[in-house]
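Chains A and B, in that order, give the protein sequences.
The numbering of the first sequence is the working numbering, which starts it at 1 and goes up by one.
The numbering of the second sequence is the working numbering, which starts it at 1001 and goes up by one.
Everything labelled a hint here was simulated from the structure, so no lab data went into it.
Since no wrong hints were added, every one of them can be taken at face value.
A partial selection of chain A residues facing chain B, derived with a Cβ cut-off under 10 Å:
#  : residue
1  : Y138
2  : L141
3  : A144
4  : L152
5  : P158
6  : S159
7  : L165
8  : P303
9  : G305
10 : L310
11 : G312
C-beta atoms are modelled at their ideal positions from N, C-alpha and C, and glycine is treated no differently.
Here is how the chains run, residue by residue.
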Amino acid sequence: MRRLVWILAVALPATVLAHLLAPGIGDLGTLLGPAGTLEHRIMWELGVPRLLAALLTGAALGVSGLVLQLTLRNPLAAPELTGVNPGAVLGILAGLTFGLFPADSAGGALAAALAGSALGGSATWLLTSRDPGRAIVYGLLGSALLAGLVTLLLAYQPSRFGNALRWLVGSVQGRVWEHLGFTWWWITGWILLIWAGSAVLGVLAPGDDHAAGLGLRPGAARAAALTAATALAAGAASLAGAVAFVGLVVPHAARWLAGADPRRTVPVAALTGAAAIAGADAVAQFADRLMAGAEVTQRLGVPTGVVTALAGAAVLVTVARRAAHVPG
Amino acid sequence: MIVAAAVAVLALAAVCLGQPVIPPHRLPAVLGDRASVEFVVLWELRVPRLAVAVFGGAAIGAAGLLLQEALRNPLAVPELLGVSSGAALAVAVCVVWALPVPYGLHPLLGLAGAACGGALCLAAARTARGASATLLVGAAVSTAIQALLLAVMATAERIQYDMLFRYLVGSLTGVMWEQAAHVLPWSLLAVPLVVLCVPVLGLLRLGDDTAAALGSRVGRARLGVLAVASLLIGCVTGPCGPLAWVGFVAPLLARRLRPHDEARTWLPWSAALGALVVLAADLVARLALAPVETPLGAWTALLGVLAGAVLLRGEAVRPRAAARDGRAGGSR
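Go ahead and model the full structure; you've got the sequences and the hints to work with.
Right under this line is the structure:
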């Protein structure tokens, strides 16, 4: 418990601070100082919303991954491996390509992401014949299928490829207050709801028989949990696109920090995820700053998703190698 | 027989269909008339594309089987082992940042990328046991490489998008003799190497311990097979991008068609089926939304994944038959 408090008390403020300072626009004095200066405005109108978007995305992905791992009883169940996240990206890109909503509409992106992720998630779930153990193989196949559909969409309008990239690789760059408006309530609301129902998750996790023995209807509980996980993943995707590995790695980190009880793991996963993406985005911004010195660029910049993918892959490989030495 | 006939029919369709349509009976006449537009379309566009589709598909199909047999894992596909994405990343970096590499060396570049990606995955997964651990590590490394690929693309000029597109999933758009000339020699070079791999595969299938007891150096043998697979994938990825999931579905189909044979027979089957799949998908890619060409890899992904899901489900429904097939198929 002490480890948990220490790590969170240090990691979260540290990443928040790093995120604010990474672009090199100004320091905390500028942020809290008198309004009116250009630096102050840049930090309030660009830096802070970007930070909040990163924190929200991370919290949503962390909790979504945790819920998926618990209900599907598979340590690999993550939004990006069960078709939920690729589906959300497909939904957003389809909406943008066919002009169903304007490019800067946060609500439209959220609705499209929700439709897409529900489609992707339920397709995986139906393919697996409701057998949680096989969810990953079909999830991977389904994700490949959705990626194929995404490329078909891109081929339909190649000129939009540049705009589509940010959703494909995941980035919180350019998120401003308008994007946060409703999504803010959506994500925090679902996280609080899941936290409130986390006791149910704890009953469901050991097995259907166990849950039924305690008087829970496992089918209904799982459906509710999967719905919540999908809604959260869609919220995250509507803010940042497909940020890789956070939904997979963060729940494991949360369990390592806070143990197996979902009542504690859910908030910890939210905080860890928030810190993870804020930290990754700080690194991305810093890399951007280094690269901007060499070449002034009007392009996307270093996307957050690249940092999380590299870091996440390194973590996963280390864990997989270490786990291999443990018998069984 | 049926596969050969299907390849022939599709090849004919690939040559004849499109804009303008050239009926089969007029082919000799068109080929004789070097001045006509139809000759140019046929000889400069369709025939090289056909050749690359057939050879590339065969190479990827064979490479998929080599990987699956060498790692004894039905999910050891190029896409999940970092091989495809490594090759795509190497070539994309070179194209986007305009590195001074002559075009003729792109296959070598793809090969180097494929080898690096594959080696990275294998090094990472070396101690991982079982299908799921290898799969996990491979997927992790592939995703990271894919993210790097997208990041490289994010720095590209708008004008390059069309060209880069193919490195996402693979496409045969704009393949002419110039590009074909870079694939064909390499895939011909690979043929004797693949044949050399066949006896090794038989040994590797017995399991590491048995193979070692029979006197083969398992590590070196596996490395050799993987190097050949990387060569095959690398030379195709240069001009076409990763032909997504062909290396997954072709061996799966080959095993399903000849459930009681072994790697020696599956290899030609897998190559033929790979060519068949790529040809069919390319035809769809060209004609489905004509005048717009869609990326071939998107269709192979759809096709491959659907076929894979159906086949895997079939195994799940008949677990006993699957266990038998699994033993015969060397899949675990």
